[in-house]
Amino acid sequence: MPPYAPTLLDARVSVPQHVVHRSFAAETVVLNLETGRYHGLNHSAGRMLVALERHGAVRAAAAEVAAEFDRPVDEIERDLCELCGQLSERGLLEVDDGED
Amino acid sequence: MTGRTEARRVRLPPLVARLPRPTPGNARLAGEVLLTYARARRALARRRPLPDVLAELRAVEAPTPAAQPAIAVGLRLGRVVQRTLSPVPGGARCLATSLVLVRMLARRGIESSLVIAARTEPRFLAHAWVERDGVALLPPADPVARRLAQL
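In the order they appear, the protein sequences are chains A and B.
Last residue of the first sequence: 100 in my numbering, with the numbers rising by one and none dropped.
Last residue of the second sequence: 1151 in my numbering, with the numbers rising by one and none dropped.
Because the hints were derived from the structure by calculation, they are not lab data.
Certain hints may be false.
[Said to hold, decoys possible] Label-pair ranges, simulated between beta-carbon atoms:
1) B:ASN1026 / A:GLU68: 54 to 64 Å
2) B:ARG1093 / A:ARG78: 34 to 44 Å
3) B:PRO1065 / A:GLN86: 45 to 55 Å
4) B:GLN1150 / A:GLY40: 14 to 24 Å
5) B:ALA1072 / A:ASP97: 48 to 58 Å
6) B:PRO1051 / A:GLU53: 12 to 22 Å
7) B:PRO1122 / A:PRO72: 35 to 45 Å
8) A:GLY40 / B:ALA1136: 23 to 33 Å
9) A:ASP10 / B:PRO1063: 47 to 57 Å
[Stated by the list, open to error] Computed footprint of chain B on chain A, listed as stretches where at least three residues anywhere in the stretch have a Cβ under 8 Å from a Cβ of chain B:
10) 16–22
11) 29–35
Note that CB positions come from ideal geometry on N, CA and C, so glycine has one too.
Same shape as in the complex, but just chain A (with noise of 0.2 Å):
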């Protein structure tokens, strides 16, 4: 059983409005100015939350990600999935799975 919920990989997701990202050479930082703390995601996870933000689905970024870093796609989906729930849990992605 996935340790996600099924829904998620055709979730639409975006990034609020209050919240910044900017690429380092190793690692992405990201400001939640609504509540100033900032978060480090390393090299992986960064380009995730880019494909993430270009995308606006989940199944659409995992392809991507899976093509450039060359994995199977189901298991980038896990990891994308995984990644979703942890940014926004801290109020970095809003995830709208189509549920109330």
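Place chain B on chain A using the hints.
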């Protein structure tokens, strides 16, 4: 003993002697800085979103337009704010200092931007300062840092 009192001149140490005499204008400005600082610290302590804090500090009903060009006023006030707050202890100094300057400029009808930047090496460091038309009115981040937000 000569039975004669002699007036002795007290010589102040050089550092003290060099300090400029406070003028009523300077004292008024310093008071404005400290009051605004207290207000900014209170807003930050309430952990309100930074855009909301900025909106509150920028809201001035009847600003008094500055007689000099905006950047000249901004640079001068930036120096005053830094000098006045330098002995004040407390965390998030650059952010609080920037908020004070944003408010003081707003009171004079001058718009400004709060800039936040960060660097990750050799260690993580974030910095905030104020700009007007691309001119830094407070010390900006070092060139290695990259901008995260301009509010």
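Results of checking the hints against the structure:
1. B:ASN1026 / A:GLU68: 54 to 64 Å: holds, 59 Å
2. B:ARG1093 / A:ARG78: 34 to 44 Å: holds, 43 Å
3. B:PRO1065 / A:GLN86: 45 to 55 Å: Since the Cβ atoms of B:PRO1065 and A:GLN86 sit about 49 Å apart, the hinted range of 45 to 55 Å holds.
4. B:GLN1150 / A:GLY40: 14 to 24 Å: Given a distance of about 21 Å, which is inside 14 to 24 Å, the answer is holds.
5. B:ALA1072 / A:ASP97: 48 to 58 Å: About 54 Å separates the Cβ atoms of B:ALA1072 and A:ASP97, which means 48 to 58 Å holds.
6. B:PRO1051 / A:GLU53: 12 to 22 Å: Since B:PRO1051 and A:GLU53 have Cβ atoms about 20 Å apart, the given range 12 to 22 Å holds.
7. B:PRO1122 / A:PRO72: 35 to 45 Å: The hinted range 35 to 45 Å holds for B:PRO1122 and A:PRO72, with Cβ atoms some 36 Å apart.
8. A:GLY40 / B:ALA1136: 23 to 33 Å: holds, 26 Å
9. A:ASP10 / B:PRO1063: 47 to 57 Å: holds, 51 Å
10. 16–22: With 4 residues closer than 8 Å to chain B, the region 16–22 of chain A meets the three-residue bar; holds.
11. 29–35: This one holds; 5 residues, not fewer than the three required, reach chain B with a Cβ under 8 Å.
Against the hints set out earlier in the document, no violation occurs for any number.
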